[in-house]
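Novice: Sequence:
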Amino acid sequence: MRISKTHDEEAKWPSNALLRERQVLQLIPVSRATFRRWLRDGRFPSGFRLCGRIAVWRAADVYAWIDQRDPADGRGGMR
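The sequence shown runs 16 to 94 under the working numbering.
Careful: at least some of the hints might be erroneous.
[What the hints assert, rightly or not] The following label-pair restraints were derived from C-beta to C-beta distances:
(1) 28 with 64: 24 to 30 Å
(2) 56 with 29: 27 to 33 Å
(3) 29 with 55: 17 to 23 Å
(4) 32 with 83: 18 to 24 Å
(5) 64 with 31: 16 to 22 Å
(6) 30 with 70: 26 to 32 Å
(7) 52 with 31: 25 to 31 Å
(8) 83 with 41: 16 to 22 Å
Just so you know, the hints here were simulated from the structure itself, not pulled from any lab data. Using N, Cα and C, we set each Cβ at its ideal position, and we do this for glycine too.
Based on the sequences and whatever the hints tell you, model everything.
Specialist: Okay, structure coming up:
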């Protein structure tokens, strides 16, 4: 999973935005199954629920997670 630009160059949402799963997956191009496995395994920041079933993540948390990724890690260097 490699992104050619940093998230700052491609950022579609301000850091105070709340992102739905579909929007998070636009920033971290992995499958939905992989994303959910990362959530279950604690490899991705937990979101929170709005109105019961609607899960959201703070854009700032997603951007921070992207910045922390090790580019040498073959499983997901993001920069």
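Novice: Each hint: holds or not?
Specialist: Each hint tested on the structure:
no., hint, result
1, 28 with 64: 24 to 30 Å, "violated, 19 Å"
2, 56 with 29: 27 to 33 Å, "holds, 29 Å"
3, 29 with 55: 17 to 23 Å, "violated, 28 Å"
4, 32 with 83: 18 to 24 Å, "holds, 19 Å"
5, 64 with 31: 16 to 22 Å, "holds, 18 Å"
6, 30 with 70: 26 to 32 Å, "violated, 19 Å"
7, 52 with 31: 25 to 31 Å, "holds, 28 Å"
8, 83 with 41: 16 to 22 Å, "holds, 19 Å"
In this structure, the hints that do not hold are numbers 1, 3, 6, in rising order.
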